[in-house]
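Below, each chain spelled out in residue letters.
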Amino acid sequence: MRLRLLLVVVVVALLAPLLVWAVVGSWRYPDLVPARFTDRGLRLTLGTDVLAALGTSVLIGTCVAVLAWAIGLPAGRALGLHRFRGRRLVAFLLLAPVVVPGLAVTLGLQVFFVRYGLADTVGGVVLVQLMPTVPYAAVLLGAAFTDLDTDDERQARTLGAGPVRTLVAVTLPPLRPALVSTLLLTFLISWSEYVLTLLLGGGTVTTLPLLLFAAIGSSDRTAAAALGVLVVLPPVVLVVLAARLLGGRDATWLGLARG
Amino acid sequence: MTRSERRPLAVLGPVLALALSLAACGGGPAPSAPTADSADWDAVLAEADGQSVRWYLYGGDDVLNTVIDEEVAPRLAELGVTLEPVRIDDTADAVNKVLGEQQAGRTSGGSVDAIWINGENFATGVQADLWRCGWSQDLPNARYVDLEAPEVQRDFGTPVEGCESAWQQASSALVYDSADLRPDDVASVSGLLDWARANPGRFTYPAPPDFTGSMAVRTILYDTVDGPGSLVSDAGEASDQYAAVTRLLWARLNAAAPTLWRGGETYPQSQEDVEKLYADGEISAYFTYGPGAVAQKVEDGSYPGSTREAVPSSGNISNTSFVAIPANAEHQAGALVLADVLQDPEVQLALYEAAGIYPAIDLARTSPEIQAAFAAAPLSPSVLSIEELTRNAQPELASVFLSGIEQDWTREVLQQQ
Amino acid sequence: MTGRRLPEPVRVARLLSPALVVVGVFFVGGVSQALLQSLGRQPLLGETNWLLGAYRTVLGDPAFGASVWLSLRITLISTGLATVLGVAVALVVRRVARGPITALLQSALAVPHLVGALCIGLLLSPSGLLSRLGHAVGLVPDAAVFPALTDDAFGWGVIAEYTWKETPFIAMVALAAMSRQVGDLEDVARVLGAGRLQRLRRITLPLLARPVAAASVLVLAFAAASYEVPRLLGRPFPAALPVLALQRFRDTDLTVRPEAMAVATCLSVISLLTVAAYLTLVSRLVRRTR
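So the sequence lines, in the order shown, correspond to chains V, L and B.
Going by the numbering used here, 114 is the number at position 114 of the first sequence; the sequence numbering is gapless.
Going by the numbering used here, 1053 is the number at position 53 of the second sequence; the sequence numbering is gapless.
Going by the numbering used here, 2169 is the number at position 169 of the third sequence; the sequence numbering is gapless.
A hint or two may mislead.
Computed Cβ-Cβ distance ranges for the label pairs, DEER-style [said to hold, decoys possible]:
1. V:P173 / B:L2254: 53 to 61 Å
2. B:T2280 / L:Q1241: 52 to 60 Å
3. L:E1388 / B:A2136: 39 to 47 Å
4. B:P2062 / L:Q1127: 25 to 33 Å
5. B:A2136 / L:P1183: 16 to 24 Å
Keep in mind the hints are simulated off the structure, nothing from the lab.
Here the structure is a predicted model, which is why all the values come from computation and not from measurement.
Ideal placement from N, C-alpha and C gives every residue a C-beta, glycine not left out.
With the hints as extra help, turn the sequences into a complete structure.
Structure, rendered in structure tokens:
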């Protein structure tokens, strides 16, 4: 179909310049083909600065994903399985951080992070990134808990299973797709986050998006494109893989990851 | 059965504890020992050994970054000092951080050990009493620096008073493509603006408060009113003059605007954007504070081989880049050692050879070998020698007028479009 | 510990408390601090001068009005485009083999906006790929003639980035919503003699409306709040509201801080109002089509 072809062309055309520029040595306007290619950009992505930033990004992303998951799980259970007074208020509170700009909130928080010594630390950045991730985790897991049959848990306990065993063997398995997509989504939100890290990491907590932003601002397009490839590959691979494992519906949620 | 309800919380307990401990680590101000007196250099070296210096510096220049990693950091390592460059895109962020810490009452154990700084950012810190002072003359390598020179004594009009040490010299120049502009066109600002009128869209400057954009505007100011005049100091009568001269300046800039890139309807956000425009052939001329770095760009093919440099008749604007140490810095001895290493003639030579950065030291005071090495550094046909550049050097304005011009430019030029 | 059943409200409160602590401390704390600081509270100085001065300065600055219009324009146009295009893509895609196309949409979904902005710059800037292609076929004699799509006054570059990034998101949501049930209903309608357009208007679109509206609210909120995209693809003046807020915040003159907080507070209010207005509009439209 012609329309389908158009779709493919649009998506690919937008990413193509990135891949080309990553290996360009010299490409003066208006040449259509670069005059010279180089592996400088690729070597740059293996430099110590970039690898350190990669490590920081993975560390922060993992901490954020695990924490948001652990905080969102009980909240999701409450939202999914219980009817209680103030449920709408709680749901509203949990959704508010999605609608109100994180930038505005973080500007207000920044002085307190400085005062309590949280600014410029990995821990501080992890904490502030919980703000945009916990709501998604709670809502996503809440939706999954709605379909959960608590009779199974009760039965397991009656048959003598301990609480940990019940959680691992009975409660979590049916939630598996939601659990995986929650971890992935929160990791990706953290992975792409720029402005919150900038404000509270103060330039000392250097994640890949910070390096990439600086590179885009510099006059070195090759460096920017090479870093861009490094930043874009892990999420794309993760999402496509996850979609294979989970089926399309849960993968859709991953579109919430943005930054 | 309900105990399962508690499970998530039980999981959460340790996780929250982890979060809090994560948050705590690196948080609290470390108790700082009394810092060595800069006059007792052995004590400084002894204290610096084992320290890790967080140096906040503008990180947009890759060549410079490499020199710092390969020349400066190893020399510090030999002295037991670990260099941790914190690369930022706006020096104001570092000043902001120290200000924030000061106001939060953090008088020691501050997170910023040293800042590459000058001009308004330094003046802001002086006003707020942020800096450790009276040390720069004590650096052993300060003997290579002409401490009496006006550009080392005053920083954009603000007296230095030992609160910062010089480490590079910035000199303005006009970079142009000689395939498009003739020598007449670059001999003066009027020539340049006439050329722009004949070739619309091919010249621009970054929007102030960009550091270089602000210089481009001042270059046109110097041409308009014949030099900086009384605006180099912030004495009383200069304020009256400010209004008069800037009125002429805004009129001239607004008249020229339609002939600039995008019809002067907007301006690039940074000097890097301007350099990209030149590399892409969208513009044919731009002002720079780093004329030495142009050679590298011609060599690697991103600039055309016909790239040349010129100093318009109104003169070149020079200033010095410094290193300042916040008074609350945790590793002041290490920062002092950093400042000293930066003034080492061999480091100055490496900066010149690799990145085309002009020395802040007085070459006449260095060894014959160093002088010979400076003289022998190959000069690309695209760039001017130091002598050609600074033959008609003009001082910077007092920083109060500098910020005035930057703010007023936004209102009087940018927002007029 | 004894297995005694706790009253349900207590159990719910315990389950919710970690999430509410995070939202309460960081979100409610941050919003109220931004508000207080915009009104003159300076926690670092330990003093408070209750004044509306910051708001007066901000609202009196022509740059602020220009920023509001720019932000609204960018937000509404890109949300509208992404929603329409996303639904269109979903309608087209569902009739063809889904596998590779879905993977493609998912890949686009996963691209961080920062990379998206870089790509749009490399493609649409006057010396970008599009302009080079135009030159090659003789349409663009030189870069200066190429229409300004980045750093432009209207915000086309920013709109292009949001639209490109968010269309796949809307498309995926719409695809997920077009379950077998929708297909069955359409089949029934066809058997009953409903035409193609009629089926689309009466069955498919109304069934899609709710999930797509929910997804587009997220797009709207994001487009209003993002800093890096308008910073990289926009111009210094007028700047989008988040850019303006951060410009003020990074000023070394700390007395400008309340202005930054005032801009941030206005940004929050505008975001909330736009979302509320949008939701009202959508629910009316949904009701009418039913």
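Cross-check of the supplied hints:
1. V:P173 / B:L2254: 53 to 61 Å: Holds, at about 54 Å.
2. B:T2280 / L:Q1241: 52 to 60 Å: Check passed, 58 Å falls within 52 to 60 Å.
3. L:E1388 / B:A2136: 39 to 47 Å: Between L:E1388 and B:A2136, where Cβ atoms are some 41 Å apart, the hint holds.
4. B:P2062 / L:Q1127: 25 to 33 Å: The hint (25 to 33 Å, Cβ to Cβ) holds, given that B:P2062 and L:Q1127 are roughly 29 Å apart.
5. B:A2136 / L:P1183: 16 to 24 Å: violated (34 Å)
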